[in-house]
Each structure stands twice: as structure tokens, then as C-alpha cells.
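Protein chains in written order, with numbering that gives the first Met the number 0: chain X, 0 to 252; chain A, 0 to 302.
Careful, some of the hints might be misleading.
[Unchecked claim] Only pairs whose alpha carbons sit at most 27 Å apart, straight line, appear in this in silico DSSO-like list of lysine-lysine:
id : chain 1 : residue 1 : chain 2 : residue 2
1  : A       : Lys159    : A       : Lys75
2  : A       : Lys75     : X       : Lys152
3  : X       : Lys79     : X       : Lys152
4  : X       : Lys77     : A       : Lys75
5  : A       : Lys159    : X       : Lys77
6  : A       : Lys75     : X       : Lys79
7  : A       : Lys159    : X       : Lys79
Since the hints were derived computationally from the structure, they do not count as laboratory data.
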Amino acid sequence: MRTFLLALAFAASCLPASAEEVVLGLSSDTVSINTNFDGSEILIFGAVKRDAPIPSEPRLQVIVTVAGPSETKTIRRKEKRFGIWVNTDAVEIDSAPSFYAISTSTLLGLSLSQTEDVRHRISIPRAIRSIDAPAGITDSEAFTDALIRIKSKSNQYQLNEGKVSVDEETLFRTSIALPAALTEGDYQTRIFLTRGGAVVAQYETSIYVRKVGMERWLFTLSRERAFLYGLLSLAIAIAAGWGASAVFGLFRR
Amino acid sequence: MQIYLPIAEVSVNAFLLLGLGGIVGILSGMFGVGGGFLMTPLLFFIGIPPAVAVATEANQIVASSFSGVLAHFKRKTVDLRMGTVLLIGGLFGAALGVMVFNYLKAQGQVDLLVKLCYVVFLGVIGALMFIESLNAIRNVKKGKAPKRKKHNWIHGLPLKMRFRVSGLYISVIPPLIVGVLVGVLAAIMGVGGGFIMVPAMIYLLGMPTKVVVGTSLFQIIFVTAFTTMLHATTNYTVDIVLAVLLLIGGVVGAQIGARIGVRMKAEQLRILLALMVLIVCGKLALELLLQPSELYSIAAGGH
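The task is simple: from the sequences and hints, build the whole structure.
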């Protein structure tokens, strides 16, 4: 897993020439989901390339984010009505990443200012886009908070503060644990260098999460030849039912 | 051993699924119920998305019912003629039920209705069966002969047919109506309908308990096969890997269950089924009455 596949690549940066740039490496730019996939760990490492000497103050901080494909979600809330708990209010979340991990070299509040967070959508609440709540719901934030709370419990949203190690303000590395329940897609990976809360450099790449082998074949079959797939499921069921009956029949004789 | 499920997109423990399949399979073979009403909540609990759990469960029931029905065929405890009549009513009812379901979905609150349906039906059926079988057991102890084949209005209806295996000579209208009603409920509640069918056959049609189990399984195979195809082609939610794991346990369990069932007395079988139905009912009722630990839930897609 940890074969250092991707060679160091350079960022086409829109920043002034004298600024700092990110040079990045990934332990692997593809995650293959096979039958015994049980989560994976991605090592993200890199260096800061600069023409000028290291500025003395403020200190360099590194933020790494990995975001899975976005999905539309509906969050429902239960309330007690006539003595039983029923779903009452619902808020639609326009776009929420299926997976989101953010790792920082220090506390997130110290390495990123509010304005920069709004601009680059870095922190978990900012990565979730929600339209206006329907009329009558005044506390739509409670719904977003609930989404973050539920997703954090299953490790699908992670805030790892202080988990990026930075050496000599030049080399940085971190590892991100991908949970077993992983959706297929391109995982957008971003690295931000900040000084005093302001983003001074940014780099973007993708990690490709793909089903392979039997997983790939079954998934494709279920979408493209749904009728055949359904018949195949039934055939397996009937064969297994008959097989068990035959085997037990032999035991009795 | 962890296995990644291609459609559900989660990783699960294979042995856990084998075990769950086995336990539900035993119940299926013993009582003639598909076991969907037990398995589906269990699958939710281990993190399978609800849509995938419901669809895949239908596929697994095909396997365990088929395994169970073969065991019953060997003992000649399947009334094919009665099964066919019930099935015709059942498929018609299922189509009707899907229409009712879609109408309710458009009105919102379909989850609540399904749960209330479950609680009311399970509660009533379970309680009635429990009282009846308790009385039957008492009568046996006192040495009274059980009252059988009561002559009531059902026997006055036209279109009479002989059901040799069940030892009945009744009109086809009551089994057809039972089939339709169970079909409607099964489609709305997303289950095979065995737990409603079995008591209906015993108490409404007066069939012997031993024949009921095999006949119910026979009927369930077709209803769940139909449901599986429907889910596979419209929602793409049948997970074949999950189904295989569940059905390996399920078919073995169904064979064992059918053998246990044959050795038990009819009223013991009925009282156990009644208890199981009441337990599931109680659990669902508590879910509605107690405050859930997480008030919010996430559903895929927009409104």
C-alpha cells in the first residue's frame, strides 16, 4: 500500500513568483476497493519550495483536506406528536461530501482565519453547502450540526488537529485513514499553506477510489444489465436452497 | 473476516452475516415465515442502507423459503392447490398494495404508517394467537379433544373446491380474499407476509398447522422473487454479495428449522410464533414511544 507511486509533481501556482509553493507526494493516488477492502490509509507528504529565505514570523502552518464526491442529503428531525416519535421537520442539504477529512499542523482556529475559511471552504461546516431552510424552520444550523455529528461518529468526517507534522517549516507529512464504508469517486485533495491565518499557497490533486475485480463487475452488471442481474440473484437463491435441501437429504439416509 | 459489499458500499463481517442468516433461516423453516420482518431491522442495525437491506432481504427469503419448501415437500405438508389460490390473490393484492404505497408516499409520513401498521397487526395477531394456543395447550392437558373444523358461514359460500392435503372442502373465495389482503399489506410493509398469512390460514381458513407452514413458504417464494426483480430493475438495490452471505446461513437454517417444526406439537409451534410476533411488536412500539438517542436522521437525495 505504501509504495510511493506518484512522483513529486509541481503546482501551477497563480501566486507571485517570490511566494512559497507546495511540492506534493502521495503514498498512492488510487485506492482499489476489492472484496476484502477494510479501509485504507493514505500517506500525504510534501515540501515547501521557496526562492526567498524562510520568513521569520508568522509561523508556517499546513492544512490538508480530502473530500469525497458530493451528495444531496435530506436531514429529518423527530418530534413527539400524540405520544409517539415521528419525523416532522426536514432540511435539504444541497451538497455534502460523502467523506471529508481535515488535518492541520496546529489548532484549526489558529491556522486559518474566518474570512479565508469562507473563501476556500476548508472547515467541515464550510464544506457542506445548504440552501435556505424551508419556511418555519428557524434553526437550520441544528440540521447541519446533526449531519456532522452523525458522519463524525462513523469516521466519515474527521477533524485531525495537530496531525500534520512540519519539519523546519519545509517538510510536512500526514496520514489520513479512509473508513471501510467508502464511496467510489474522485477524492479531491487540497493542501493549504497558511501564515497568520492567511492562505499563502494552495495545491490540489485527486485520489481515485475505484472498485476493482468482482466488485467492479457486479456493480456494472447491476446498473447496465439490471434484469440479468436480478435473474442471476434469483438463480443463486434457488440453487442454494436446492443445494442445502439435497445435502440435508443425504445426511438423513 | 471483512467483506466489502459492492452495492451497499459498506464493509461487513462475513461470519456475523452467516450467523444472522442461520438464525432467521431456522425461524423461517419452523414457522413458515420469510423472516424479513426480523432480518431487515437487524441489517439496518449493522449499517446496511435501508433500501439495500429491504431489497436484498427479499432475495435471501427466496433461498430460505425454497430450501424450506423442499423439506416440506418430502413430508407432503405443502398444499399446492391452496398455495396457488393464495398466490393468485397475493400477486393481485401486491400490485394493489404498490399503488396504495405510492399514494401514501406522495402524502408523506409513509414510514410512520408502516410502523403503525406493524404494531397494530403484529399486536392483534400475536395476542389472539397467544391466547388461542394457550387455551389449546390447557385443553390438551385436561384431556379434552380439540374442537376442529367448525362449521361456519365460510362453508356456505359458492365455488367450492377440494383441498385434499389440508383436508378441506371450501369455497375459493375466502383464500382468494386472504391472499389479496396479505398481498396489500406485504407490499405496503415491504415483507413477504408470512407472519400474517400463517395465522390467517390457521384461524380463517381452518387449515392444519403443519400444512400451513409449507404452503406459506411455497407462496412466499413467488411473492419475494417478484419483489427481488422489481427492486433489481428499478432501484438497483439488490446486493448479490450480501444476499449470498445471508442465504448460505439461511438455507442451512431453514432445513434445521423444518425438522424442528415437524417434531413439535402444533399448539407449541403456534405459541412460539405468537411470542415471536409479540416481541417484534413490542420492540417497534418502544421505538415509537421512547425518545430516540439521535433525533436526526440522514436520507439520501432531495425531497
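For this session: Could you grab the alpha-carbon distance between Lys77 (chain X) and Lys75 (chain A) and see if it respects the 27 Å cut-off?
Result: violated, 50 Å
Exercise. Taking 27 Å as the top limit, are the C-alpha atoms of Lys75 (chain A) and Lys152 (chain X) close enough?
Worked result: Roughly 52 Å separates the two Cα atoms, so the pair is violated.
Exercise. Regarding the pair Lys75 (chain A) and Lys79 (chain X), is the alpha-carbon distance no greater than 27 Å?
Worked result: violated, 51 Å
Exercise. Can the restraint linking Lys79 (chain X) and Lys152 (chain X) be considered satisfied, given a maximum Cα separation of 27 Å?
Worked result: The hint holds at about 25 Å.
Exercise. Does Lys159 (chain A) pair with Lys77 (chain X) here, judged by a C-alpha cut-off of 27 Å?
Worked result: violated, 51 Å
For this session: For the pair supplied as a hint, Lys159 (chain A) and Lys75 (chain A), confirm whether the alpha-carbon distance does not exceed 27 Å.
Result: With a Cα-Cα distance of about 23 Å, the restraint between Lys159 (chain A) and Lys75 (chain A) holds, given a limit of 27 Å.
Exercise. If you draw a straight line from the CA of Lys159 (chain A) to the CA of Lys79 (chain X), is it 27 Å or shorter?
Worked result: violated, 51 Å
In summary, the numbered hints that this structure violates are 2, 4, 5, 6, 7.
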